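Given only the sequences and the hints, what does the whole structure look like? Please build it.
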Amino acid sequence: MAEKVLTTPISAEDLEDIHVGDVIYLTGELTTCRDVAHRRVIEEKRPLPVDIKDGAILHAGPIIRPLGGDQYEMVTVGPTTSMRMEKFEEAFIRETGVRLIIGKGGMGEGTMRGCRDYKAIHCVFPAGCAVVAASCVEKIIAANWKDLGMPETLWTSKVRKFGPLIVSIDTHGRNLFEENKVIFNERKDKVCEEICREVGFIK
Amino acid sequence: MTKQEAVSRMTDTMAKFVAFTGKRLPDDVRQKIAELAAQEEEPLAKSIYQTMMRNQELAQKLNRPSCQDTGAIQFFLKCGSEFPYLGELPSLLREAVIRATKDAPLRHNAVETFDEYNTGKNVGLGIPSLFWDIVPGRDDCEIYTYMAGGGCSLPGKAKVLMPGEGYEGVTKFVLDVMTSYGLNACPPLLVGVGIGTSVEVAALQSKKALMRRIGSHNPNPKAAKMERLLEDGINKIGLGPQGLRGKHSVLGVNIENSARHPSVIGVAVNVGCWSHRRGHILFDRDLNVTIDSHSEVDF
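From first to last, the protein sequence lines are chains A and B. Going letter by letter, the first sequence gives residues 5 to 207 in our numbering. Going letter by letter, the second sequence gives residues 45 to 343 in our numbering.
A portion of the hints provided could be inaccurate.
As the list claims (entries may be wrong) - Simulated pairs of lysine-lysine, DSS-like, Cα-Cα distance not exceeding 30 Å:
| no. | chain 1 | residue 1 | chain 2 | residue 2 |
| --- | --- | --- | --- | --- |
| 1 | A | K162 | B | K90 |
| 2 | A | K192 | B | K203 |
| 3 | B | K105 | A | K194 |
| 4 | A | K192 | A | K207 |
| 5 | B | K291 | A | K207 |
| 6 | A | K185 | B | K216 |
| 7 | A | K8 | B | K291 |
Source of the hints: derived by calculation from the structure; they are not laboratory data. Since the structure is predicted, the reported quantities are computational estimates derived from the model, not experimental observations.
Right, dumping it as structure tokens:
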């Protein structure tokens, strides 16, 4: 199992040797970006106020503590379900040139195509581990689209060895969660048959 | 102690207890996670478990909620009809949530429906949710607290089956949820199954099943057998931590049941994520407190 630290800016070449199931880490800049921000970029054609070309986004809604002025502290920041952004992600990758998308759970066909065609990857940060994630944040360096409220603001942070990040979609057209689902469903059918033989309680 | 003093004391205790349960998992969950982690051999699954355990240590050390989704707060009460503060409970529990939200801090998770705005206080119409069992003659009050996160609430499902589908149909219903929505709900999951007549009976039981300790069993031997069959079966599917494959899938399967109308079998599934933030606290009539969900309570 390969282990690697990516540093922003990330190039297409940096992603070539990364495959689904690898564990990687991120150092550099990371911007939280979720439902409404995706909708604004794709449906409303508004430019993202942060340049994330060759950069990284995190599907997340953190708990932030304001420190006064433009200073903020990251209290906890765990990933949210990536599948909610599936509808927009292929176009989002094309429009923004983002290279690394971090979230929770798998994504679908569109994101797989976006990652393959424009050279990006999707990774999973272990969900529920929000304090570990916050401890990888050195500082919050920008807050954009604050009108969206605390969870949906684009919080740009400087992070160091942010991870572990498990690669779920690589640039080679593979999608770990979709591959796993096939295996899980095969096993489920067998398990179902076994259990059904023993629960004929209505006679 | 005047009634006012008593209410203020109980509010304070509940506010502190709710905040505490967001930072420390109950004993049975911690034990089970350690047990499953120790049996894992895949490097990826092992590394995920290590991160989970490091997260819980950090949450305690830094005194922060262990997961950013601190849920919509739910209370399951078994309140004695003679408990002196029964009538004060709805307002004092609401106040306790407001206070815990500020102190912990908890995320603001109450969005008013139709008007679609976040109240910013973590309380709203029906949040916190209170589910009552009044116990005639008793003078104490037992409260289960639960942080219902978005991820673990999403797989919830209920359906009324025809008797012809039998417990075989129940089995298929539960397994289908595991490999679809269950996958993204932060396994290893605690699975609650409710069986009865109509959907709301089954659904409430499926949630109450999640309040039961991991490793406990339904008193009916056949239901207990089905708990074990489902637990072993879902484990064989091998969802692993975070649905990324591994030796196990679940923390356990708990079934709660009631009698059913002869024409139907109502079934519901509810899941708890690995970060199953359940607390159990008991007040006697003088407000002496017993907490049996967590052994090391420090608030």
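Do the hints match the structure? See the list:
Our distance criterion of 30 Å between C-alpha atoms is met by K162 (chain A) and K90 (chain B), whose separation comes to about 28 Å. Only pairs whose Cα atoms come within 30 Å are accepted, and K192 (chain A) paired with K203 (chain B) is accepted, the gap being roughly 20 Å. Distance hint between K105 (chain B) and K194 (chain A) is unfulfilled; the C-alpha atoms sit about 44 Å from each other, more than 30 Å. At roughly 25 Å between alpha-carbon atoms, K192 (chain A) and K207 (chain A) fall within 30 Å of each other, so this suggested pair holds.
Taken as a hint, the K291 (chain B) and K207 (chain A) pair is broken in the structure, with Cα atoms around 35 Å apart against an allowance of 30 Å. Between K185 (chain A) and K216 (chain B) the alpha-carbon distance is near 16 Å, which keeps this suggested pair within the 30 Å criterion. Between K8 (chain A) and K291 (chain B) the alpha-carbon distance is near 26 Å, which keeps this suggested pair within the 30 Å criterion.
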